[in-house]
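Position 233, counted from 1, in the sequence shown is what my numbering calls 233; the numbers after and before it change by one each time, with no gaps.
Since the hints were derived computationally from the structure, they do not count as laboratory data.
Among the hints, a few may not be true.
To be verified - Below, a list of computed lysine to any residue pairs in the SDA-like style, where the Cα atoms sit at most 20 Å apart: (1) K317 x L199; (2) K447 x L458; (3) K447 x Y65; (4) K240 x P77; (5) K317 x E145; (6) K447 x Q292; (7) K240 x Y297; (8) K240 x S254; (9) K447 x A459; (10) K317 x P177; (11) K447 x P420; (12) K447 x S421; (13) K317 x S421; (14) K447 x D418.
On a predicted model such as this, the values are computed, not experimentally measured, just so you know.
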Amino acid sequence: MNRRTFLLGTMSGLTVLAVSGCTPRRPVPSPSATATAVPPPPTPGDVPQPSAFRRTAWSTDPMSYGAASFQTVGSSPADREALRQPVDGRLFFAGEHTDGDDPGTVQGARASGVRAAAEVVAAASTDDRVAIVGAGVAGATAARELADAGYNVVVIEGRDRSGGRIHTDDAGDWPFPVELGAAWLAGSSAIALGRDLTLLGVDTADFNVRAQQRTPDGDIVPPTPVAPNAVTEALAWAAKQRTDVTVAQALQESGAGELSTEENAVGVSDAERLATFITTDVVAPTGANADQLSSWYAPDPTLTHEGDRLVTGGFQKLVQTALDGIDVLPSSVVSGIIASDRGISLRLSRGESLSADRVIITVPLGVLQTGAIEFDPPLPFSHRAAIGQLGMGLREKLVLRFDEPFWSTDATVWTVLDDPSYPLWFNLEPVTGEPILVAIVGGDRAKAQAEGSDDDALAAALASLAPFVDPAASAPQAQDGSAPSAPARAPGAAPG
Numbered sequence: 001m002n003r004r005t006f007l008l009g010t011m012s013g014l015t016v017l018a019v020s021g022c023t024p025r026r027p028v029p030s031p032s033a034t035a036t037a038v039p040p041p042p043t044p045g046d047v048p049q050p051s052a053f054r055r056t057a058w059s060t061d062p063m064s065y066g067a068a069s070f071q072t073v074g075s076s077p078a079d080r081e082a083l084r085q086p087v088d089g090r091l092f093f094a095g096e097h098t099d100g101d102d103p104g105t106v107q108g109a110r111a112s113g114v115r116a117a118a119e120v121v122a123a124a125s126t127d128d129r130v131a132i133v134g135a136g137v138a139g140a141t142a143a144r145e146l147a148d149a150g151y152n153v154v155v156i157e158g159r160d161r162s163g164g165r166i167h168t169d170d171a172g173d174w175p176f177p178v179e180l181g182a183a184w185l186a187g188s189s190a191i192a193l194g195r196d197l198t199l200l201g202v203d204t205a206d207f208n209v210r211a212q213q214r215t216p217d218g219d220i221v222p223p224t225p226v227a228p229n230a231v232t233e234a235l236a237w238a239a240k241q242r243t244d245v246t247v248a249q250a251l252q253e254s255g256a257g258e259l260s261t262e263e264n265a266v267g268v269s270d271a272e273r274l275a276t277f278i279t280t281d282v283v284a285p286t287g288a289n290a291d292q293l294s295s296w297y298a299p300d301p302t303l304t305h306e307g308d309r310l311v312t313g314g315f316q317k318l319v320q321t322a323l324d325g326i327d328v329l330p331s332s333v334v335s336g337i338i339a340s341d342r343g344i345s346l347r348l349s350r351g352e353s354l355s356a357d358r359v360i361i362t363v364p365l366g367v368l369q370t371g372a373i374e375f376d377p378p379l380p381f382s383h384r385a386a387i388g389q390l391g392m393g394l395r396e397k398l399v400l401r402f403d404e405p406f407w408s409t410d411a412t413v414w415t416v417l418d419d420p421s422y423p424l425w426f427n428l429e430p431v432t433g434e435p436i437l438v439a440i441v442g443g444d445r446a447k448a449q450a451e452g453s454d455d456d457a458l459a460a461a462l463a464s465l466a467p468f469v470d471p472a473a474s475a476p477q478a479q480d481g482s483a484p485s486a487p488a489r490a491p492g493a494a495p496g
């Protein structure tokens, strides 16, 4: 099973590429006849203010309560299978959390929509009215399939926009549409998705991973496979055990996580490398803390990303095109679903009710876990157990645009050792030609970003970027000297 998770636009296995395919380059000082003072380490004050920025808060968004599902200890792919089973031929389920091949991905969500639509066709006549709860990828795909088959379809969406966890911000202060949700095409299962985007005229760009790691003082950390090797060893040990354990337990109980604390020439120990690797290559891609994530179903730390592509032309067009000509009710939050032999009644939070013969439920796992939708009668135990067993990963994104690059490296993936806030960055300049940086955080760090203020997030981001300041470059400011344009917290942050 492909366990890579890409719905909020990050990748697993990135730091392993740093240790296998990146040759660090140190700046060489110009010869001088006299001794010169060693420049002090870069500080947050050396990082210019961005001219614009956006940030997400999926973790606290009541329309998602997280980014993508993951396997906890005690859960298994059988939970996803249980969750996608129809109930009494009237309730059907779709969404990335129900897909067995590509959970946590756009392609998994699309596949679930196709499956759910086929299940409805097998159970219903074209005279039946089908309601679909959620206008994300899964809901839009199912709606398109059913509408093309001649069914009367209505899509009910809680936000004021379609797309779900695909959220394209095409504000005019950005050189190309900014993806605040899904942004990557990764793996062989995304090939068909890439072809469809091309047919829609949605631009994508090759994302060649060139990784570089630095200390907080700006020193480049020489590559070594010690961290991914430790995780690989721990997961291999866990796979042989009688019962599942968390990734954190596997590292401890196998002994693979007992790495040296002795520092090398740039003041870095193997133990520090491992801690950062866990943050950037386990927690960030899954959204799960190491003490939550199943070691049996954790991402493979040796995955490579050859052929991965970045969406730069408006991912949301995929959903908008699928919904063309279909009745969509925006800003309509479903709070209750009442099923009987006569059909389904959907209660909206504003007091109205809608009737349907069949319903496809595509809301994210995080929403189901909160009980925001009351089912009458309650869902079968197998469904409720699966909802409780699976985990909902927390991942957030912060996007900064600068007038000019303040960095000199052409690495596309940056990591910072021991950074408390934003240890993982993507440099989009080599890919798009624009000085744009994207940070991804997962787990507890994601929750902290979602709950914090814009000012705090920006200050922490600039502090995290200080190690990449090029001492030879001047510090450009926003063109008019003003503060960066505000993110408005709307992207992915509030119900629509």
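Okay, the hints, checked on the actual structure:
1. For the proposed pair K317 and L199, the alpha carbon gap of about 11 Å is at most 20 Å, so the pair holds.
2. Restraint check for K447 and L458: the C-alpha separation of about 15 Å stays at or below 20 Å, so the hint holds.
3. Taken as a hint, the K447 and Y65 pair is honoured in the structure, with Cα atoms around 10 Å apart against an allowance of 20 Å.
4. Annotation: proposed proximity of K240 to P77 holds, straight-line Cα distance about 18 Å (limit 20 Å).
5. Between K317 and E145 the CA atoms are separated by roughly 17 Å; this keeps the pair inside 20 Å, and the hint holds.
6. Of the supplied pair hints, the one linking K447 and Q292 holds, its CA atoms being roughly 15 Å apart against a limit of 20 Å.
7. For the proposed pair K240 and Y297, the alpha carbon gap of about 13 Å is at most 20 Å, so the pair holds.
8. Distance restraint check for K240 and S254: the Cα-Cα separation of roughly 11 Å lies within the 20 Å cut-off, and the hinted pair is therefore satisfied.
9. At roughly 17 Å between alpha-carbon atoms, K447 and A459 fall within 20 Å of each other, so this suggested pair holds.
10. Proximity of K317 to P177 is assessed by CA-CA distance (about 11 Å); at most 20 Å being required, the pair is judged to hold.
11. For the proposed pair K447 and P420, the alpha carbon gap of about 13 Å is at most 20 Å, so the pair holds.
12. Taken as a hint, the K447 and S421 pair is honoured in the structure, with Cα atoms around 11 Å apart against an allowance of 20 Å.
13. Restraint check: the Cα-Cα separation between K317 and S421 comes to about 32 Å, which exceeds 20 Å; the hinted pair is violated.
14. For the hint linking K447 to D418, the alpha-carbon distance of about 18 Å falls within 20 Å, and the restraint holds.
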